[in-house]
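Starting from the known structure of chain A, arrange chain B on it as the hints suggest.
Chains A and B, in that order, give the protein sequences.
When you line the first sequence up against the numbering used here, it's residues 81 to 192, in that order.
When you line the second sequence up against the numbering used here, it's residues 117 to 228, in that order.
By construction, these hints were calculated from the structure, which means they are not laboratory data.
Everything numeric in this text was worked out from a predicted model, so none of it was measured.
Glycine included, C-beta positions come from ideal geometry on N, C-alpha and C.
Accuracy of the hints is not assured; some may be wrong.
Partial selection, computed: residues in chain A whose CB lies under 8 Å from chain B [as the list claims (entries may be wrong)]:
no., residue
1, VAL99
2, SER112
3, GLU123
4, PRO124
5, PHE140
6, GLY178
7, LYS179
8, GLY183
9, GLN184
10, ILE187
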Amino acid sequence: RKEVEQDPGPFNVPEGATVAFNCTYSNSASQSFFWYRQDCRKEPKLLMSVYSSGNEDGRFTAQLNRASQYISLLIRDSKLSDSATYLCVVMAGGTSYGKLTFGQGTILTVHP
Amino acid sequence: SQTIHQWPATLVQPVGSPLSLECTVEGTSNPNLYWYRQAAGRGLQLLFYSVGIGQISSEVPQNLSASRPQDRQFILSSKKLLLSDSGFYLCAWSVSTQGRQYFGPGTRLTVT
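Here chain A stands alone, though its shape is the one from the complex (with noise of 0.2 Å):
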């Protein structure tokens, strides 16, 4: 099983849909969590922490169910520059460095 598991995707929708992206991790010793953005054949960009209380950031609204393992980004109103990939990312605990670990990654494509 890997460490963190995405969504296959790719996902493809209108302009102003609601999309929502899964993912699970393995490690129930995991600390922090992100989701980062990542456009065609650049580098990745931290979107938003992931907190156990929820916490949006306009459009974006991040989930986490530790009893879960579970870590979820739902995006509303979709723009055409929402188009990107969407890594799930989770930071190890009980480490002396910040070791993230990376989901393979959700492709979207948002539509006129």
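Then chain B, alone, in the frame of chain A:
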């Protein structure tokens, strides 16, 4: 504000040739530094991390090495490149071991 630079942006090298990729961070002191590789169709994999000058830890055995000669400089090297070394190499930094990581623009390496 902090910025991270990588060069070169792209590189085409023959098998057996040496490699040197450089990463520098501005606007912060004593950052944690990381080297990742993203192979075609695969997720990001942590290669090396450094918590200080001269302190390098390897995450996976491979044909590469890293050095940190200055506080904000991180270098990835190889004496003889293999075809399997092709990929997108990303440098990242963080303020603390458990903090968010921010990526540089990356170097796209093709070994021929």
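The hints, checked one at a time:
| no. | hint | in the structure |
| --- | --- | --- |
| 1 | VAL99 | 21 Å, violated |
| 2 | SER112 | 6 Å, holds |
| 3 | GLU123 | 4 Å, holds |
| 4 | PRO124 | 5 Å, holds |
| 5 | PHE140 | 16 Å, violated |
| 6 | GLY178 | 5 Å, holds |
| 7 | LYS179 | 6 Å, holds |
| 8 | GLY183 | 6 Å, holds |
| 9 | GLN184 | 5 Å, holds |
| 10 | ILE187 | 12 Å, violated |
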